[in-house]
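Spelled out, the chains give:
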Amino acid sequence: MIEMKNVSKTFDRYQAVENVNLSIEKGSIYGLIGSNGAGKTTLLKLLAGIYRQDRGEVSINEQAVYENLDQKQKLFFIPDQPYFLPHYTIKQMAQFYKSIYPSWSDERFQKLAKWFDIDLKKRIHTFSKGWQRQAAFILAFSTLPQILILDEPMDGLDPVVRKKVKNLMIQDVADREMTILISSHNLREIEDICDHIGIIHRGSLLLEKELDDLKSDIHKIQVAYKEGMPEDSLEGLYMLHREKRGSVFICIVRGKEEKIAEQIRKTKPVIFDLLPLTLEEIFIYEMGDIGYAIKNVIV
Amino acid sequence: MPSKMSLFNKEAILRIVRSVGWIPIFYFFGLLFALPIRILMTYSNENTRKYMKVASLFQYDFGIQLVFLIIVPVLLAIFLFRFLHLKQAADLMHSLPLKRETIYHQYSVTGMALLVLPIILIAIVILFIHIGLDLEAYFEISDIFYWAGITILFNLLLFTASVFVGMMTGISVVQGVLSYIFLLFPVGIVSLLFLNLKTLLYGFPADYYLNRELDKMSPLTYAAVLENKPFQSIQIILYLVLIIVLYALSLFFYQRRKVETASEAIAFSNLRAIFKYGVTFCTMLLGGAYFSLVQAPFGWVIFGYAIGAVIGYIAAEMVLRKTWRVFGRIKGLAVYVAVMVVLITGTQALSRYEDHLPEQSDIKSVFLTDDPSLYLNKDEAYYHNFVASPLKEEKNIEAVLKLHRQIIEKQSISDKQNLYFETSYFVYKLKNGKKVIREYAINKEQHKDLYRPIFESREFKLSTNEIFKLNENEADRITMTPNGPFNRQAMITEPVDLKEAVSILKEEVLNETYNDSVYYRDNFSNTEIFGDKDKSVHLEIKPSYKKFNHWLKKKNMLAQAKVTADDISYVLVARNNSSEFEDNPGSAIEWFKEHEKDRGIIKVTDKDKIELCLDQASQVSQNGYIAAFYYKGQIDQEIKWFDEEHVPDFIKDHDQ
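Just so you know, the protein sequences line up as chains A and B, in that order.
When we follow full-length UniProt numbering, the leftmost residue of the first sequence carries the number 1, and every step to the right adds one.
When we follow full-length UniProt numbering, the leftmost residue of the second sequence carries the number 1, and every step to the right adds one.
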């Protein structure tokens, strides 16, 4: 269980993270979405114990992370640009991590190296960006972390590798109840693996939700009536948005699917469709004005 | 404890050696050339072997040793803690499950070991050479330990100091620059403060303090004199304490340092203001000191303060903001200037300092000198140095006080506008153990009536002239070099003659009048008396030393020892009442060339008259006559002066 309580962090006079509350359950994959400069990286580095918060608490299993060996041994952080010790080969990096992480698994390392088909004796800084990132993943997964913190992890990876990495993550979450925290400026990139989403904007966490909740709670309906919309009978619906295209009304409605369907059917519509929303739409309608402001972020 | 276990694991050491291992290797080879190879080279050559005896191993290729000593530890500290200054590396290191304490000890201790290792290896190599070649005659085994110990001590101090600075900054270049500034800071700030107090307080003995032990205040300046001075045990303790304190402080600040300050010039925000105004203050002092050292009028000194402060403030802003476009941010400077104006006005109110003189009854002894280094206790140096003793007689103390009082009273008309000043130091030792020290730039001519009784007193002569510290039997040889463009020298080596010469010289010095000593300064013949070991006494034989000159003549050495009429083809003399040529004898030579045929010019060719001119002329500019001496067979001429009192009668007669 990862928790942040009223956390703030300032760089000189620039407030990077402001009063953030966040909690991540064990075994979940948490996606942190935000535009450039929203404070994603700062938040991750606070969780990884790199930065110390100015105010509030950052804890894992109710223990503060900063300078806490027991907790830091359980987590692994891959920054947005993977960094390795100068002139080290992957093998040497493996030795390095092995000496530091008690949970390191040689067996896992060998397996992963084979799976990614990577040259262990080549100096990492001579690799391309994408290969460097793969190297970082191999090393990270070999430490068998309980918590994996990834800052923009998909940057520079081709779709095949992306798939490989996602599979690895899901596998570890399933097998070992690993917790993953992923940041991205692109919602679509990670929506297929995340089960929780948090949106950060200008240093504050705007929203934190379970994806299933989100999806089951909000619906798009298309209805058409012969004689206009019977306003009275739709009064009980929690309608977030309504627009008319020709004779078809498109409404975004919050509530349980069955209840909405039942109520709509009572009004005898000519056409009635109940459609799921894309995550993107959910955010936009959920968050109203702010949603529009950060629209470019989440698409 | 798991943290202890991981503190010095193989992997950690390997990691550090991989990144900075080249530095100790480089150091090892540097030292190898400076010491073992140099020793073998010198030893292998019969001619150079006799110069191989040294007081300490620092005397072998000290230049190379010093360069390495100054560069290596700082370089190592920079590369070792480079990870703190690179954002990505800092993130990596601090995301690992390692405590900062662990990281710090790993890096610092391994770094220290890497510094010490080459020194120990070199010491072992020297030890083998010493045993193998039996070098006991040149240096002792204990010298090797002294060398290794002191070298390690300096290395560790410079290293810990640079690590400490590294914790304060987020840029490696800044760490390098600030390391040296930090190490030189005590010397620098003290020099600047003293030089500035000298301008602000009349009589402040800046040069007295600056000549004193200043090099002990910074390890860098102290390292530079290791060749000549043995290191003192009290300093060893001090340095050890400093190493421990810096080590602990670095850890303290590392634990409080924020990782995100990598690439910031100053890592702690509280320090930034101190840095900014500290730089401003120092450059302000530097500006003021510069203009007062080049003898500019006080207005220029003020200008120096102003421009120094502005430059320092802007430079500090540039460093902190990492851009040169900082010219709009001068609010802080305005506040600073206001504070400084108040402070400087405050120091002016300290005029009590300027007027303060100790009471005669409180004074135990006094030094009066124009060379403060004469009174420093230099017994710690490897070579002999003359140390003068203070005046204790009541009559002399009274005379010094009288002179001092007059200097204070006449301060407005003395220095500053007068170019011809000499520095005088007054060092009073009081009965309560305190010291009162003053320094003045004065024109001695103005105070000569008060100088004369002091100078002519027996006590002053005995205490300030080195010759009185030399026993008649001690002299080994005396050399006398004429003060002219020749390559000859007279030498006394017979023990009987030596004894006689020394005792006559002592008598001459005792009988010398103040006027003669000033008039005949830098004249005639440079004499050096060599005593036992490396002791030597330097003095000038003046024409006024009649008895000694006579003795030399009797011994047939006078012609060798001084410039005689035989060396001169002719002398041109002219009346001179201006100070035009005072500090430019070259222009006087030109002037004589142009006016050689003029009616007022006297050409002296008669040998006896030339001899008379040589004996009566002064090397110091005088009001009266100016003379050009033309050397035989040389293109050189020399300009000398006569005053009314000394000018030979035949010139006076001719002139009238």
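Since the hints were made in silico from the structure, they are not lab data.
Virtual Cβ for every residue (Gly too), placed ideally from N, Cα, C.
You may find that some hints are simply not true.
Partner residues are not named here, just some residues of chain A that face chain B (Cβ under 10 angstroms, in silico) [said to hold, decoys possible]:
no., residue
1, SER8
2, ALA48
3, ARG52
4, GLY56
5, ALA64
6, GLN81
7, LYS91
8, GLN95
9, SER204
10, GLU208
11, LYS209
12, MET239
13, LEU240
14, HIS241
15, PHE272
Quick rundown of the hints versus the structure:
1. Interface restraint check: A:SER8 against chain B, minimum CB-CB distance 14 angstroms, threshold 10 angstroms, status violated.
2. Taking 10 angstroms as the C-beta contact cut-off toward chain B, the hint placing A:ALA48 at the interface holds, the least distance being around 5 angstroms.
3. Annotation: interface hint on A:ARG52 holds; nearest CB of chain B at approximately 7 angstroms, less than 10 angstroms.
4. Interface restraint check for A:GLY56: the shortest CB-CB distance to chain B comes to about 16 angstroms, outside 10 angstroms, so the restraint is violated.
5. With a least beta-carbon distance of about 13 angstroms to chain B, the hint placing A:ALA64 at the interface is violated under the 10 angstroms criterion.
6. Taking 10 angstroms as the C-beta contact cut-off toward chain B, the hint placing A:GLN81 at the interface holds, the least distance being around 6 angstroms.
7. A hinted interface residue such as A:LYS91 counts as satisfied when its beta carbon comes closer than 10 angstroms to some beta carbon of chain B; here the least separation is about 12 angstroms, so the hint is violated.
8. Because the closest C-beta pair between A:GLN95 and chain B is about 6 angstroms apart, less than 10 angstroms, the hint holds.
9. Interface restraint check for A:SER204: the shortest CB-CB distance to chain B comes to about 20 angstroms, outside 10 angstroms, so the restraint is violated.
10. With 10 angstroms as the threshold, the beta carbon of A:GLU208 stays out of range of chain B, its nearest partner Cβ sitting at about 24 angstroms, so the hint is violated.
11. Residue-level restraint check for A:LYS209 is violated (minimum Cβ-Cβ distance to chain B is 28 angstroms; threshold 10 angstroms).
12. The closest approach between the C-beta of A:MET239 and any C-beta of chain B is roughly 46 angstroms, which is over the 10 angstroms cut-off, so the hint fails.
13. For A:LEU240, the interface hint is violated, the least distance from its beta-carbon to any beta-carbon of chain B being 40 angstroms, above 10 angstroms.
14. Annotation: A:HIS241 was flagged as interfacial toward chain B, and the flag is violated, the nearest CB pair being 42 angstroms apart, outside 10 angstroms.
15. Nearest Cβ of chain B to the Cβ of A:PHE272: about 53 angstroms, over the 10 angstroms cut. The hint is violated.
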